[in-house]
Amino acid sequence: MRFAAALAALLIAACARDVAPAAPMFHAEGYPAKLSDWRLMTAANGALTLSTGVNPYDLATPLFTDYALKLRTVTMPKGEAAVYRSDEAFDFPVGTIVSKTFYYPTTGGEWASDVAVGPEPTLAKGVLPLVGVRLVETRLLVRRADGWVAIPYVWNDEQTDAVLHRTGATKTLTLHRPDGRAEPFAYVVPNQNQCAGCHATNNTTRKLSPIGLKARHLNKPSTFEAGVNQLDHWILSAMLAGAPSAPPLAGELSAQRTEGGPSDYVSPPPSPAATPPPQAGEEKFPRNASWTDESETLDARARAYLDANCSHCHSDVGPADTSGLDLRPHVPFGPSYGACKSPIASGGGSGGRLYDIVPGKPEESIFVYRMETTKPGHMMPELGRSTSHEEGVALIAEWIAAMEGECG
Amino acid sequence: MSRAIRTTLLSILALAACGKKEAPATGATPPASYQDELMTMLLDAKPGDVIELPEGKFSFDRSLSLAVDGVTLRGKGLDKTVLSFKDQVAGAEGLIVTANDFTAEDFAIEDTKGDGLKVNEGKNIVIRRVRVEWTGGPKTENGAYGLYPVQSENVLLEGNVVIGASDAGLYVGQSKNVIVRNNRAEKNVAGIEIENTFDADVYDNVATGNTGGILVFNMPNLKQPGARTRVFHNEVVDNNTKNFGAPGTAVAGIPAGSGVVVNANDQVEIFDNDIKGNKTANIIIASVFSTDLSKDGMSADFDPYPEGVYIYGNRLADGGKNPDGLELQALKLAMFGPTGALPDVLWDGYVDDKKKIDGALPGPLRICVKNDGAEILNYDGPNGNKAPRLVTADHDCEIEKLPAVALANGVGG
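One line per chain: the protein sequences are A and B, in this order.
Going by this note's numbering, the first sequence runs without a break in its numbering and finishes at 408.
Going by this note's numbering, the second sequence runs without a break in its numbering and finishes at 413.
No lab work stands behind these hints: they were computed from the structure.
One thing to keep in mind: the hints can contain errors.
Once the Cα atoms are required to be at most 30 Å apart in a straight line, the calculated BS3-like pairs of lysine-lysine come out as [unchecked claim]:
id, chain 1, residue 1, chain 2, residue 2
1, B, K80, A, K361
2, B, K242, A, K375
3, A, K375, B, K139
4, B, K57, A, K171
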């Protein structure tokens, strides 16, 4: 008996050591075969645990990907920080690893490819409970000496690790919408070139770049640290340099670290003082609305949605500059933003409609057709979804319906 | 049990217990298929590589993509190596190339959900003896473009066959220095379309059974307008297929039975072609005002007028006998009677008054027709077709001829 008990204790200790968060490991070249080779996160004992120095972040308005929930992280070498840029993605140091893990709530019971729409679970202290959750894929963007590299990993059936899939994959899932409708769809993991399809935001240089890691997407109350703006928090924890000005009350913040052991990477953020600083970031930095925040104007919500979902291609230099449609947030409303604009190369993607936006008439606007349809040659974005984002479509339709004017 | 043995046993047990949780992902290995094989070759290609595509028919459920410069994709023949996208679930094209110095030859792409082969911003592009086909014949739900180089430079399309595109079979957009020759475009809405492109030579092609044979267009809101296209020594015959383009697209307004169509483009030379049996008109010259485009949807600097169009030495026959659309039918009946035909050249009559000097356009901006026996009809678009009239004599003029396009960097050499 005594021997058996000792053995059990030893076994648990041995396993616990194996799954304890380790320091992230940067690979300067090659494509490691497993996600675990990067030591960013550990899936074990019913939880996905981020390693020390792996910082979760989220966006005011995210890209839609078939209702998948996304856990985003950024990891930088110790003592280094990203350099602030007001419009483009921040300039991250060599050695940075950005991860995005796509997962779904399941509908309960044995896994049978059934997934549900939200809600987003809370990520407490870098731990995502995996009960009732299915991990699908984790995409890495890795900043190497000669630029960013995209590396896709697909989670295994056992949900213990994700495996390199450079050519992508297709998975048949069934989406259960909140009103009970069930809809089979092909969840598509992009291949490495398709990663570039979005992340090579300049189609001339074709250098890959993060998309979400821009001031206007990150400028929001932190989801992971109470009472502080996410960008202020990055500045305070020395993750971001060169931002317009230091946030107020920095000196009042506790310098003590909340948890975690030594790491070669950026330390977990200091916790805010008892009196949280005002959310000063919101005015200092460009800012996108949350597309679901009804206290924001319809225009701000629609523009934020179109920015997050379209402008990485539909810009002045992106792969979709061939269309003449530019959906970056500062572009004034006019033909370049879709007003009464004829399509250039849509084919059937026009949906039989004449103009991108017909003021007051969403049902006559190509925008709405492109977003509603799931036909591969017609839909927008071209990649990254197989279902229609009904709530996003409703927002854009409402925005167009509220417009005055006509196409003469 | 000795201590040593017990320790060993313990280690094995420990390893086994933990190993179970960390089992490598056997189930996640992708199934071996030609799709994965070819995708991997495209990902791993190095400049100078020739990727040989074997004989046979291969199925793909996602787009292929190439982003490495200097790669050649070579099949065993446009009827022998077939990449089929009938089961495609994702991707807006069959093959998307974002690279320079690219050559594609001797294979076929079938039934893509969107475009067949798209090259976005490539320099030195050769596509030869490639077939792109929608095998169910002309249908609105077919993909838009067959071969689709856009924002590219030094482009050669030769010996290709494109059938069934719901927009244009061979489409060159926003490009510079282009040769399109010896291709066959059949049963597309537009057979061959040159759009917002500088310096294109289109010759020795056959365009037949399309809605419109060869189009030279300029569209608003783009980075460059187009100019200097020569269309010569082509066969543009019997392009009478009912327009199956989706409304809203630039080609959806093309009447069935259009031979060569110039819209808003400048410095276009049309000569030495056989243009026959196109039942609306063998040649149509029009401005953007004759399209569905909205004046509220155009960039302010866009020039909507076709200028410097020179038509000469073509063999034109049997055009205009049964024009598409009520307006043109009525026009034909009123002017030429039930057994007559519209003239070989139709023009919508829009002129940019701001460019006139002493009441006339300067010579290089005129529309000139010096073609034995060909008449030109101004159908008076600006006044709602109220006073259509033959204006052949007014357009009996010449424009300095354009030089031949010379591709650089040894392309096509």
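To see whether the hints hold, each was checked on the structure:
1. Simply put, K80 (chain B) and K361 (chain A) have alpha-carbon atoms about 48 Å apart, too far for the 30 Å limit, and the pair is violated.
2. At roughly 24 Å between alpha-carbon atoms, K242 (chain B) and K375 (chain A) fall within 30 Å of each other, so this suggested pair holds.
3. At roughly 15 Å between alpha-carbon atoms, K375 (chain A) and K139 (chain B) fall within 30 Å of each other, so this suggested pair holds.
4. A threshold of 30 Å between alpha carbons decides the hint, and for K57 (chain B) with K171 (chain A) the separation of about 24 Å falls inside it, so the pair holds.
Checked against the numbered hints above, the structure breaks only hint 1 and satisfies the rest.
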